[in-house]
Amino acid sequence: MKKEKTEELNVKWVDGLLSPEEEAELATLMEETPELEAELFQSRRVTQAVREGVSGSVEPPYGDFFNSQLMRKVDLEIASKTPAKRAERWWQSLRWAWAPAGALALVLAFFAGQRIGKPAVSGAGVAGLDKSAPAAIADLPSIYFTSDQLNADVISDADGEVSAIVVTGLDDLKDDLDLSTASLGSDLKGLPVSYLRSKARNFQ
Amino acid sequence: MNRFSAILILIWSLVPTLGAQDPGMESIGTMSVELIYATNGEVDVAGLTTKELKPETIKALQAVKELKFSEYRLLGSDVSNILNGYEGWASPLRPSKEILVSFQPIKRVDGNRLQMVLEYWQGKQKIFTTNPTLTKGKAFYLVGPKWREGRVIIAVKILTLDK
Numbered sequence: 005m006k007k008e009k010t011e012e013l014n015v016k017w018v019d020g021l022l023s024p025e026e027e028a029e030l031a032t033l034m035e036e037t038p039e040l041e042a043e044l045f046q047s048r049r050v051t052q053a054v055r056e057g058v059s060g061s062v063e064p065p066y067g068d069f070f071n072s073q074l075m076r077k078v079d080l081e082i083a084s085k086t087p088a089k090r091a092e093r094w095w096q097s098l099r100w101a102w103a104p105a106g107a108l109a110l111v112l113a114f115f116a117g118q119r120i121g122k123p124a125v126s127g128a129g130v131a132g133l134d135k136s137a138p139a140a141i142a143d144l145p146s147i148y149f150t151s152d153q154l155n156a157d158v159i160s161d162a163d164g165e166v167s168a169i170v171v172t173g174l175d176d177l178k179d180d181l182d183l184s185t186a187s188l189g190s191d192l193k194g195l196p197v198s199y200l201r202s203k204a205r206n207f208q
Numbered sequence: 014m015n016r017f018s019a020i021l022i023l024i025w026s027l028v029p030t031l032g033a034q035d036p037g038m039e040s041i042g043t044m045s046v047e048l049i050y051a052t053n054g055e056v057d058v059a060g061l062t063t064k065e066l067k068p069e070t071i072k073a074l075q076a077v078k079e080l081k082f083s084e085y086r087l088l089g090s091d092v093s094n095i096l097n098g099y100e101g102w103a104s105p106l107r108p109s110k111e112i113l114v115s116f117q118p119i120k121r122v123d124g125n126r127l128q129m130v131l132e133y134w135q136g137k138q139k140i141f142t143t144n145p146t147l148t149k150g151k152a153f154y155l156v157g158p159k160w161r162e163g164r165v166i167i168a169v170k171i172l173t174l175d176k
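Quick mapping for you: the protein sequence lines, in order, are chains X and F. Everything in the first sequence is counted per the numbering used here, starting at 5 for the first residue and increasing by one. Everything in the second sequence is counted per the numbering used here, starting at 14 for the first residue and increasing by one.
Worth flagging that the hints you see were computed from the coordinates, not collected in a lab. You may find that some hints are simply not true.
[Stated by the list, open to error] Lysine to any residue pairs mimicking SDA-like chemistry, simulated, CA-CA at most 25 Å apart:
id, chain 1, residue 1, chain 2, residue 2
1, X, K203, X, L44
2, F, K151, X, L44
3, F, K137, X, A162
[As the list claims (entries may be wrong)] Stretches of chain F that chain X covers, calculated by requiring three or more beta carbons in the stretch to come under 8 Å of a beta carbon on chain X:
id, segment
4, 132-138
5, 153-161
[Claimed, not checked] Which residues of chain F face chain X? A partial, calculated answer using Cβ under 8 Å:
id, residue
6, Q75
7, E79
8, G98
9, Y99
10, K110
11, F141
12, N144
13, G150
Glycine included, every Cβ here is placed at the ideal spot set by N, Cα and C.
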């Protein structure tokens with residue numbers, strides 16, 4: 005039951021449809037399962053890749069088939085990560101031994117006159133940037149709105165590159181909102197969970 | 014090989030993982046997000062603390078018909094790191110969170126271009142998501158809501174991009 009609920013939250017997060025309560029619920033799940041966040045970003049990446057194959061202005065035909073293929077890709081992506089996760093869990097089971105092992109290794113390194121440097125970091129991690137992605141790109145960006153009342157015009161410049169998106173249907177900002185002094189909205193209450201997590205990550 | 018040697022080798026193999034960093038947190042560049050007020054009316058209504066835009070910025074804006082206004086003012090700006098595997102956030106109205114832009118790289122197109130997911134948040138609600146390809150040094154404009162007889166424009170630009 006909990007797994008079904010988690011999956012539902014995951015799908016809604018990828019589609020940007022979480023309510024504030026559900027965002028809080030997902031944040032709790034992320035705390036319980038540290039690898040969940042990486043999986044979610046991976047799902048969003050796959051979703052993005054699939055959506056690029058479908059015009060942003062046209063409703064995909066055979067919606068159920070589209071969704072099933074999308075979920076299949078997500079499952080494949082997750083499955084491809086499974087061996088690494090198993091290995092990770094195996095190492096995690098040895099976590100109790102890391103502190104004394106690290107101390108002993110430092111002593112050994114001292115005697116060996118060897119510096120322990122920063123390990124090489126791969127450019128593409130679990131949630132890393134796909135540097136091997138094909139160079140071909142969609143000329144027009146897709147736009148996904150959270151409201152049916154919104155629309156957009158995509159503007160290209162003289163070079164043929166997309167230079168602007170003009171969004172129509174947005175609620176006007178209240179005139180008494182003083183944007184120049186930014187006097188409103190500085191409290192953290194109600195901010196997106198992903199924003200708060202991002203800020204927390206930067207402090208770590 | 015005795016048991017002590019085996020344990021030493023095991024310990025040695027674990028050492029590099031102790032200092033491992035999350036590759037997703039690696040910064041691959043920087044991004045600026047500017048909030049611009051554009052109007053054909055009186056620009057002073059935007060407030061007294063706004064700043065003038067650089068002439069080249071005004072020229073770039075006026076080169077696009079839909080962005081052509083008689084007056085512009087800079088309401089705020091923010092510069093953030095582009096992380097390899099996580100989304101970054103810019104709050105050009107700092108400390109206000111009234112308008113936020115989140116961004117995350119999808120794929121590197123070439124040395125100067127990066128396709129990204131951009132999300133525009135207004136009033137703590139996500140309004141839309143898009144996935145443009147941004148070119149380093151070239152602003153990408155999101156023409157947002159109306160405000161005080163004018164329009165709010167968000168200018169997103171990759172300032173630096175690691176090779």
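Each hint, compared with the structure:
Our distance criterion of 25 Å between C-alpha atoms is met by X:K203 and X:L44, whose separation comes to about 18 Å. This hinted pair does not check out: F:K151 and X:L44 have alpha carbons roughly 30 Å apart, beyond 25 Å. Using a Cα cut-off of 25 Å, the hinted pair F:K137 and X:A162 is violated, with the two alpha carbons roughly 35 Å apart. Three residues within the 8 Å Cβ limit are the bar, and the segment 132-138 of chain F against chain X gives 7, so the coverage statement holds.
Residues of the segment 153-161 of chain F with a Cβ under 8 Å from some Cβ of chain X number 9, which satisfies the need for three, so the listed coverage holds. Nearest Cβ of chain X to the Cβ of F:Q75: about 12 Å, over the 8 Å cut. The hint is violated. Interface restraint check for F:E79: the shortest CB-CB distance to chain X comes to about 5 Å, inside 8 Å, so the restraint holds. Hint on F:G98 holds. Least Cβ distance to chain X is approximately 4 Å, under the 8 Å limit.
Checking F:Y99 against chain X: minimum C-beta separation of about 7 Å stays under 8 Å; hint holds. Here the hint on F:K110 is kept, as its CB sits about 5 Å from the closest CB of chain X, short of 8 Å. Of the supplied interface hints, the one on F:F141 holds, with its beta-carbon coming within about 5 Å of a beta-carbon of chain X, less than 8 Å. The closest approach between the C-beta of F:N144 and any C-beta of chain X is roughly 5 Å, which is under the 8 Å cut-off, so the hint is satisfied.
With a cut of 8 Å, the hint placing F:G150 at the interface with chain X is violated, because the nearest CB-to-CB distance is about 12 Å.
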